[in-house]
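These protein sequences, in sequence, are chains A and B.
Positions 274 to 580 (the numbering used here) are the ones given, in order, by the first sequence.
Positions 175 to 581 (the numbering used here) are the ones given, in order, by the second sequence.
Hint data in this document are derived by calculation from the structure and do not stem from the laboratory.
Built from N, CA and C at the ideal position, the CB exists for glycine as well.
Check the hints yourself; a few may be wrong.
Stretch-level coverage of chain A by chain B, calculated; a stretch enters the list once three of its residues show a Cβ under 8 Å from a Cβ in chain B [said to hold, decoys possible]:
id, stretch
1, 325-332
2, 354-368
3, 371-377
To list a few chain A residues with every Cβ distance to chain B over 12 Å, as calculated [what the hints assert, rightly or not]:
id, residue
4, S277
5, R281
6, S299
7, F339
8, K351
9, R384
10, S407
11, E425
12, D437
13, T500
14, I502
15, A505
16, C520
17, R576
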Amino acid sequence: MGDSTLMRVTDLTKHYGDVRAVDGVSFAVPNAAVFTLLGPNGAGKTTTLEILEGIREADAGEIEIFGARLRHVDRATKQRMGVLLQEGNFEPYLKAREVITLFASFFRNARPVDEMLERVALTEKANTYVKHLSGGQKQRLAIGAALVNSPELVFLDEPTTGLDPQARRNVWSVVADLKSTGVAIVLTTHYMEEAEALSDLVCIMDNGKLIAEGSPRELAARLNQETIIEFAADGVQDDDLVPLHACCAAVRSGEDLVSVETENLVATMGSLLEWSKERDLPLANMTVRQPNLEDVFLSLTGRRLRE
Amino acid sequence: MNDVLLLARTHILTALRERVTLFWFLVFPVFLLVILSLIFGQIGQQGEITFDVSLVNFDASTTSVFSGMIEGVFENLAQSDTADEEPLFALRHPEADEDLASFLAAELTAVRRGRRAAVIVIPEGFGHEIERRVVSSGAPGGSSSTDDLPLTLYYSEGNAASNMAVSIIKQVLAGVNREILARSGRFDRTIAIEASSTWVGSESGGTVYVDFLLPGIILMGFFTNSLFGIPGAILFSRDQRVLRRYWVTPLSVPRYLGGLSIGHLALCALQFGILLVVGRFGLGSTVSFASLSAALHLLLAAATFMAFGFLIASLAQTANAGMAVANILNMPMMFLSGLFFPITGLPVFIRAIVYVNPVTYLADGLRAAVGVESGVFPTALVIAVPLGWIALSTGVASWRLRWDVAR
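Turn these sequences into a full structure, and let the hints steer you where they fit.
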């Protein structure tokens, strides 16, 4: 393991009966970077993380964390890790301060409780029962509990799922802060924009396998597309799209969106306007954008991330 | 504070802050102690309870004195000695011109419906039969049992008052029997062995019902606290993924269990303290738990029930299933143990349950340790059976209990 690699996973495999939840996954997480597992629900992201967090055993494969080869993540390793679970709760009748105090007691080098409460902006809610906290406040408390030991490696499993935009941005800023202090972060998400905004390195998972790996920019560049034009599919029949195949690299029609990929924006725009006039179709809500991770996933699997 | 103690504090705080738990944990045992003491504490104090009993004499026209004597005895008991005392029996007779058979039929219906405690029937020829027995060789002198009197008693087995009335009637008849034998010269009163049973409290002479009840209620508190509290704490935390948050930290299962156990025992101690205060200062209990034996019995009880809680947690797939199992076991295990009432005269198959039930031995042992009863079972058994349950429960629990949600 090189100096810059904090964790390396080789051929990780986990079965549930006949289902291969994780199927020979290998990757390396560098120091002070945000490493993202991106994929649809059921892709195997959470199982992979649960093995690395030490709450599930892998059937096969090797894990190397902080320079130590492990069959199973042990308690000494957990002293240096922080974990934010996708689904996790606290005792509803504990106060926020009591939760942090309790979690601080599990670690040898815990930060002061008041400092943690302040860091996750819960000082005013310190004496509020968990059951009376809002969804965003509960998530901040969970982050506080996960970071109470100043971890070197942090796992964030779907940290923004179900949160409102404000709470989501709060989580993003926590991730940015952690990264700036040299902490390595392993993140899972099925939000493409989240992966793009936060990640240094993205692994795309589908059906238990890694299907692509690289920085968001590298992955998008692999598509060899320059531009994507999208417009609302209101009133557009499949037959209407046939003439467009002549001018454009790829034409896809989703339920509510027609997507046209092109290397020659000017020519394609001209063709599209003509097509629109001929068929009296409005090109409503038309946008022109660069390819993103969603397009990468679509081109690799033929499916959208949230299908 | 270290993690184990903080986990113990967490268990205590969450139990005391949740109203439902608080009710079952504290309010209900105190309520039961007060209610049962107020209702049943009066039994045995003379004249406070009157049993409705009917007497039908089919032998009234006889020349023998015995039928009239029996009737006279019960009529006597149906009168009070002083104005402010209720008599032991309220005795009903058929009217002068009433048909005895139809009166009997109506009274038997009344017994079945719980309106009458018992019916005493003196059959035709009763007096002459007694005379024959006293005079002839087949005299009742061999035994003073009331079974030898051809009287018929009707009562309802499922009715506590009825059972109580019948046992009093039998005692009265045994007295009559002895009197007859004495008078006929077959029973020497001076050499007869008199047996009397008296409850002896540790400080006062007679034990009141609250002294019998208090150890039972304390055990009930421990029992329900463990039966619901332990599986509740583990299974709800597991199903709600509270435990998962612990398992991603360096916290180990043994340390979690240590915290839970200390918290649970502290709750038992609190429960014990409150029940003791209510029993002593509210209900006048004199029973003392201040002995090493009593303390060890209480600890054994708390440990046994706690292990039982772990067993239930390991048998249930979900928290709700765990609560259902606890509910199913709760009532039979409590009531078939002598916790609230002495176990006497139970059918054999129920007694079998009583004898495998650890609560039986713990109740017996604790009552003996605090001196309200002499104790039916030998000390070795009182300790061995609960220890056996602890071994069995922890064995099964450590094999079966899952600490994370199933995938």
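Outcome of the hint check:
no.	hint	result
1	325-332	holds (count 3)
2	354-368	holds (count 11)
3	371-377	holds (count 4)
4	S277	25 Å, holds
5	R281	20 Å, holds
6	S299	23 Å, holds
7	F339	14 Å, holds
8	K351	5 Å, violated
9	R384	14 Å, holds
10	S407	18 Å, holds
11	E425	14 Å, holds
12	D437	22 Å, holds
13	T500	43 Å, holds
14	I502	43 Å, holds
15	A505	41 Å, holds
16	C520	49 Å, holds
17	R576	24 Å, holds
This entry does not satisfy hint 8, going by the numbered hints stated previously; all others are met.
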